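S.K.: As a plain string of letters, each chain reads:
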Amino acid sequence: MSSDYEISDDDENYYVDDEDMIDGTQDDDEDDIDMDTFGDDFKVASKSKRKSYEIDYESLSQTAVEELMQSDVDHICGIFGVEASTAALLLRHMSWNKERLIEKYMDNPTKVLVAAGITVEEPLSPPAPIRSHCSSASASSRRPTRSASKLLGLASGSKSPKSPSFASPPLKATRPPKSAPFVCPICYDESPDLRPLALDCEHPFCSGCWIAYASSKINDEAEHTIRCMAETCALVAPDAFIRDLLVPEPGAPAGDPAEEAANAATWARFQELLVRHFVASNPNLKYCPYPSCTNTVSCPAAASKASLITTVPIVSCGARGIGGAAQMSQSQQLSIGLAGKEHKFCFGCSIESDHRPVVCGAAKMWLKKCEDDSETANWIKSNTKECPQCMSTIEKNGGCNHMTCKKCKNDFCWVCMGPWVEHGTAWYSCNRYDEKGGVEARDAQSKSRASLERYLHYYNRWANHEQSAKLSVELYAKTEKKMEDMQITSALTWIEVQFMKKAVEEVEKCRMTLKWTYAMAYYLAKGNEKELFEDNQRDLEKAVEDLSELLESPIEAENIPTLRQKVTDKTVYVQKRNEIMLEDTATGFLEGRWKWNAAIEGFDVPEKTEY
Amino acid sequence: MDARLRRVNKEIADCKNDKTSNIKIDLIEESPFHLKGSFPGPEGTPYQGGHFEVDIVIPESYPFQPVKLKFITKVYHPNVSSASGAICLDILKDAWSPVLTLKSTLISLQSLLCSPEPNDPQDAEVAKHYTTSKNSFEDTAIYWTQIYAGGPGPKEKKGKASTARETRDEIAIAGLERAHVEQFEALGFERSKVIDVLRRLNYRGPNVAKLSEDRVVEELLK
Numbered sequence: 001m002s003s004d005y006e007i008s009d010d011d012e013n014y015y016v017d018d019e020d021m022i023d024g025t026q027d028d029d030e031d032d033i034d035m036d037t038f039g040d041d042f043k044v045a046s047k048s049k050r051k052s053y054e055i056d057y058e059s060l061s062q063t064a065v066e067e068l069m070q071s072d073v074d075h076i077c078g079i080f081g082v083e084a085s086t087a088a089l090l091l092r093h094m095s096w097n098k099e100r101l102i103e104k105y106m107d108n109p110t111k112v113l114v115a116a117g118i119t120v121e122e123p124l125s126p127p128a129p130i131r132s133h134c135s136s137a138s139a140s141s142r143r144p145t146r147s148a149s150k151l152l153g154l155a156s157g158s159k160s161p162k163s164p165s166f167a168s169p170p171l172k173a174t175r176p177p178k179s180a181p182f183v184c185p186i187c188y189d190e191s192p193d194l195r196p197l198a199l200d201c202e203h204p205f206c207s208g209c210w211i212a213y214a215s216s217k218i219n220d221e222a223e224h225t226i227r228c229m230a231e232t233c234a235l236v237a238p239d240a241f242i243r244d245l246l247v248p249e250p251g252a253p254a255g256d257p258a259e260e261a262a263n264a265a266t267w268a269r270f271q272e273l274l275v276r277h278f279v280a281s282n283p284n285l286k287y288c289p290y291p292s293c294t295n296t297v298s299c300p301a302a303a304s305k306a307s308l309i310t311t312v313p314i315v316s317c318g319a320r321g322i323g324g325a326a327q328m329s330q331s332q333q334l335s336i337g338l339a340g341k342e343h344k345f346c347f348g349c350s351i352e353s354d355h356r357p358v359v360c361g362a363a364k365m366w367l368k369k370c371e372d373d374s375e376t377a378n379w380i381k382s383n384t385k386e387c388p389q390c391m392s393t394i395e396k397n398g399g400c401n402h403m404t405c406k407k408c409k410n411d412f413c414w415v416c417m418g419p420w421v422e423h424g425t426a427w428y429s430c431n432r433y434d435e436k437g438g439v440e441a442r443d444a445q446s447k448s449r450a451s452l453e454r455y456l457h458y459y460n461r462w463a464n465h466e467q468s469a470k471l472s473v474e475l476y477a478k479t480e481k482k483m484e485d486m487q488i489t490s491a492l493t494w495i496e497v498q499f500m501k502k503a504v505e506e507v508e509k510c511r512m513t514l515k516w517t518y519a520m521a522y523y524l525a526k527g528n529e530k531e532l533f534e535d536n537q538r539d540l541e542k543a544v545e546d547l548s549e550l551l552e553s554p555i556e557a558e559n560i561p562t563l564r565q566k567v568t569d570k571t572v573y574v575q576k577r578n579e580i581m582l583e584d585t586a587t588g589f590l591e592g593r594w595k596w597n598a599a600i601e602g603f604d605v606p607e608k609t610e611y
Numbered sequence: 001m002d003a004r005l006r007r008v009n010k011e012i013a014d015c016k017n018d019k020t021s022n023i024k025i026d027l028i029e030e031s032p033f034h035l036k037g038s039f040p041g042p043e044g045t046p047y048q049g050g051h052f053e054v055d056i057v058i059p060e061s062y063p064f065q066p067v068k069l070k071f072i073t074k075v076y077h078p079n080v081s082s083a084s085g086a087i088c089l090d091i092l093k094d095a096w097s098p099v100l101t102l103k104s105t106l107i108s109l110q111s112l113l114c115s116p117e118p119n120d121p122q123d124a125e126v127a128k129h130y131t132t133s134k135n136s137f138e139d140t141a142i143y144w145t146q147i148y149a150g151g152p153g154p155k156e157k158k159g160k161a162s163t164a165r166e167t168r169d170e171i172a173i174a175g176l177e178r179a180h181v182e183q184f185e186a187l188g189f190e191r192s193k194v195i196d197v198l199r200r201l202n203y204r205g206p207n208v209a210k211l212s213e214d215r216v217v218e219e220l221l222k
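Respectively, the protein sequence lines represent chains A and B. When we follow UniProt numbering, the leftmost residue of the first sequence carries the number 1, and every step to the right adds one. When we follow UniProt numbering, the leftmost residue of the second sequence carries the number 1, and every step to the right adds one.
A couple of the hints might just be wrong.
What the hints assert, rightly or not - Here are the computed lysine-lysine pairs in the PhoX-like style, where the Cα-Cα straight-line distance is at most 25 angstroms: (1) A:K566 / A:K501; (2) A:K364 / A:K478; (3) B:K68 / A:K385; (4) B:K74 / A:K407; (5) A:K478 / A:K566; (6) A:K369 / A:K470; (7) A:K406 / B:K70; (8) B:K70 / A:K396; (9) B:K74 / A:K406; (10) A:K396 / B:K74; (11) A:K396 / B:K93; (12) B:K74 / A:K385; (13) B:K68 / A:K407; (14) B:K93 / A:K409.
Derived from the structure by calculation, the hints contain no laboratory data. Since the model is a prediction, treat every value here as computed from it, not as a measurement.
Chain B extracted, bound-state conformation (with noise of 0.2 angstroms):
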């Protein structure tokens, strides 16, 4: 049988026998290269409660050569594209060693999901909401798990917040202040041009006392 094939069913199989790893690893479609990872997310973090599913494909050269794996729930994640799903992980590119597995990774994966890495992003404007202002970050994580990955969304509006679930809301997946987007609106710019700009400028937290309201309507101007 083909090395790798053996490999890949193997792989699934040692995924199905352990009940404690949490990992579950199906097939998308007949092929066995062409896969679906998932796992909770971990618990502790902004994605606690979560649900998040991976696509993964398994290159003709694996395990010489790493898996592609890309994020198919979105993620808020510094090290996560927020429109795409693409990840920035080290042993996905140069650290990858053929005796990891496709569980090992998705371990891995998991864990970057506790420890981000906002030196190193994917998503520069997700990082720079991180390094801002981790609390406000933190709050948009839980919104995104809460819409797109099926978790418990926040704590303390749990119960009245029946309101903001059923329309999705913009301004929190952009993680920014309901006033603030509601102070500019008053100027007569519309909704999804303040949020765009806002995000873009990162108008969170300490930054914005370092941006004018000037600049913003600059902004929103052009």
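Only chain A is shown next, with the shape it has when bound in the complex (with noise of 0.2 angstroms):
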């Protein structure tokens, strides 16, 4: 933010905005101050030497990604010499590939500008004019003195929408004496208190059509580009003109308070979706997948593809529990128990826990295999497929075969998975049944009875564990239970009985370790390594079973000391196994040591399969 100062004039509006920020939108201020005392935790724990299992990353709040997004349109405005808001629109039509867009403008201006929606289409000369005619619509998104000049005061209705009414711009003072009166050709509202507005195209339509659309775009669709409403007008509104519609203005006269604050919520999701994009545009970034929770992990590590054969990127968003970053003092989480979990998930796949120590093709290829007998996965299957280029699941609730993806806007026939193109002219195959389709269905059919049991020995074993890890909420009050029994009949305070808590913490998160590593026996091929693995596996299996069992046993106020003693070494024990198993997968992945029996995304497909 710092290059604000180097323009004097920006000055006064920047402190302007600062007011407006603590005015409007508290929650980010709070956010901000959250996302500093956990940036600091994590400079802390970086220090302590990182472990082969770990990776380096960082936690963004919301904010912090706006500012990323701000210094890329700051980068543009320099370059090109345009508004802010013209810079923000240019970048996001080129999904923030700024060399692309850079190389696009340089070219041919006009043409971009008409492409991302920004100056209509045949505008007089580039860059020069840019200026001038937008200023008119997209004041920069920076400057919080309302330009009621957005407000175009079209008082000639909507048949001579290119008649002389520019000349209106301080609106709501007074409207033009009446031509015809404007009658929005949406709502057919005639009323004389209608707030006509228009972008660069003047195209006007009331303001009560415009939050509906606007509403509607944003909250059903998830769009942040909101064209104009006129057909087959290309035009995109600018951030500023959004936020006139939806935030009011400081001292305007207060509307219905229930619609103010949904539009109030819909402008933060319109701040969020813009956040969104510039995210999924980013290979270094991704967002927090929790629910309501709106932080960004920057991981440049397991940015590529290629990385996630090496490693492991378990990342976490530095928030904790359900919903924003508010962090939570230690008496809440224990009260809380689980529920205020730190929003752990892997950068490389869309697991939303901790796998360590399998990589994520394998991973995924294990939920995957569990999941197909489940209902839920039975419904996705029959009622969602991926699209074949993002991967995104797309349910087909009406319409066409022809569908469009909404993430990447590839355009494929929902029959045949295919590019549609080929529909075009290159007939149709997707209603020709395939019959060697039909020859290998079988032929895997005999094969998948004999494989079963071996899946069942290794699903049964996940399983177990991860009944036991929701079991462990449970295991967390009944030992708070035992450690107040403990104050009570010893004479252990409140610090010294913590040895319990502390256990069942490595206890939960062996047994997350312990649950995946069945997934990665699963699809080890045999050999020495799987051996070695599964060695290690036995180990750390063992002893936690050990340490379980010690919790649970009852206690005898006589024997609080030994069994302090030992759950305290079994702890250590368990912890150095878990770190021992995980750091020894991690290092075979470096070392290219693990192989499997099946063809794992990222890796060669085995020659054979022994298992």
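Please assemble the complex out of the two chains, which come individually in their own frames, going by the hints.
M.R.: Here you go:
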């Protein structure tokens, strides 16, 4: 943001902006503060030596990402000499690919501006007039002096939008004396206190319709490109326009509070969508998948697909529990047990938990295999398909078979999943029954009976650990009770009984690791490496079971000192075993030591499958 | 008044007052949000003389989201599903704009009947029929218009086609040649099966030469 101070004119604006933020969006402010404290946490953590199964990453709040976006926008502003909001729309149009934008823009600025929906089709001549052309509708998104000029006071009625109605920028003061009264072409409302608004294309609609339209686009379609409502008009509403619609000016007459709250939520959602788009366009960033969390994690080390065969990039966005970035105090965390877990997820794939030590490809395959039986998976299987390009899950709820992926805009056929272009002239093969597929299916059936036994062996152990991990919430509560009892029956203080809690935490963590080792073992090819892996697994499992048993054992006053000693020792041992397990597997991936018995994404296909 | 209701009422009234466009919108039940639109088949097309009815559902967020349309009348057209009546038209999806009205949408639908887009098909079999043999496609479309939309039927057969008109001709509905169907029927296959297979294989026009008899029999035996 320091670049703001380079231009002295901007200082005042910037100051107003700050105030504005405090007024309107207090939540953001709080987030900011919280994130700072989290940032410090990470710095402390990263000082200690990084283990080979950990990865370097940084957690960013929504505000921090917005700053990154702003710096890209400023960069483009500097190069092209355009307004910030123009630069923002250009960048969004090009999916934040600065190099490509610069190249294309230098090549033919008019074309890019039209394609991005910034200017109308036959504009005058490139860059110079853009400034003047845009200044009416697209004031810099940072400038909070709500430029009333955006609200074109078109009183001239929908029939003659090109009439010289420009001349009334300070609109809300007085409406120009009537020619034909304005009738909104969408809601057909003609009451005189309507507020007609238009983009540069001068297609006027009433503010109510604009709000309803923008809300529908933002909330229902998760769309951040809000085009003019007129048919075939491709102009995109700049951010400032949307903000003026949704966020009432300070001092404006108070409207319906419920409506205002809804609009404010829509505006917040819009900003979130912008951030999401930016994050989705940048391979170094990933949005936290936890519900209503708005943090982002930056992890350049795991940005490429190739890196996923050597590392398991488990990251944490820094927030805990459900919702925003609120950090909970120690006691709060304790009282809600595991519900306040940190937002751990995998940067490399869509698994929303710690799947170490298995690499993403194998973990995904395993989960898919396990889910094939579940009801949800059945529903997803029968009602959705994945976009063949970006793999987003898509539900088709009507319409024709020509699908356009909402995310990557890929056109494909719902029936055969092939690209839609091929359905154009070279004819259609998606109605043909694939006989080869039938033969293969029968062949696979006989094989699957044999492999089912093997699968069940691993699955049962996997499910067992998963179940135990789920029960750990109960174990937490039980342990807490025991800790209280201990304080009463023995001379131990609160701090001295914490070893029990520590042990429960460790057990839960190790069960996660163990769970995934079964997925890994399922896919590991037979051989010495696998045996070593299974030895490590056995040692860890035995240690965990021993510790679990100790935790469940009844407490007798005279045994407490020995129990305490045993639990503490065992906890340390379990911790070590877990580290060995993770460390050894991670090094194995780095060395390329693991051999698979199935084709795993990113790895070479094994020559023969031996279980 | 609710903006959506006001808008829909105005649109219905506009349509009533407009005598030139020949587009009608009627309420199906009490609700103004579930309507039935109808328009005559465009002149100079196989749909001429037919009366086409369209089911219209106005969604909650209308006019900011498009209306949901589907043909009630069966239509033989590459961009309309011959089974469900679903329509493939850009303005009903991404190209929708809130300034479009029920009337303008129905007019677009009418013009879709004039200019089929076989490269962006909703019904693959119909589209194949259209691209391989346009004449045969048109005959079938005329026949469908006649039996489903009350059209005049094929001109040359006027008067003498009474036999065919009493029982619906499955062969004509499928857009196939009687001789072809009878040829395979003679081999001992059921008529409905023959029609099904020949339609699926697009056994029409120049395609007939490309498909060997053995290939058809093979399909029939499956």
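S.K.: Each hint should be assessed against the structure and marked as holding or not.
M.R.: Verification of the supplied hints:
no. : hint            : result
1   : A:K566 / A:K501 : holds (14 angstroms)
2   : A:K364 / A:K478 : violated (34 angstroms)
3   : B:K68 / A:K385  : holds (23 angstroms)
4   : B:K74 / A:K407  : violated (34 angstroms)
5   : A:K478 / A:K566 : holds (19 angstroms)
6   : A:K369 / A:K470 : holds (21 angstroms)
7   : A:K406 / B:K70  : holds (23 angstroms)
8   : B:K70 / A:K396  : holds (16 angstroms)
9   : B:K74 / A:K406  : violated (31 angstroms)
10  : A:K396 / B:K74  : holds (23 angstroms)
11  : A:K396 / B:K93  : holds (13 angstroms)
12  : B:K74 / A:K385  : violated (29 angstroms)
13  : B:K68 / A:K407  : holds (23 angstroms)
14  : B:K93 / A:K409  : holds (14 angstroms)
The earlier numbered hints that this structure contradicts are 2, 4, 9, 12.
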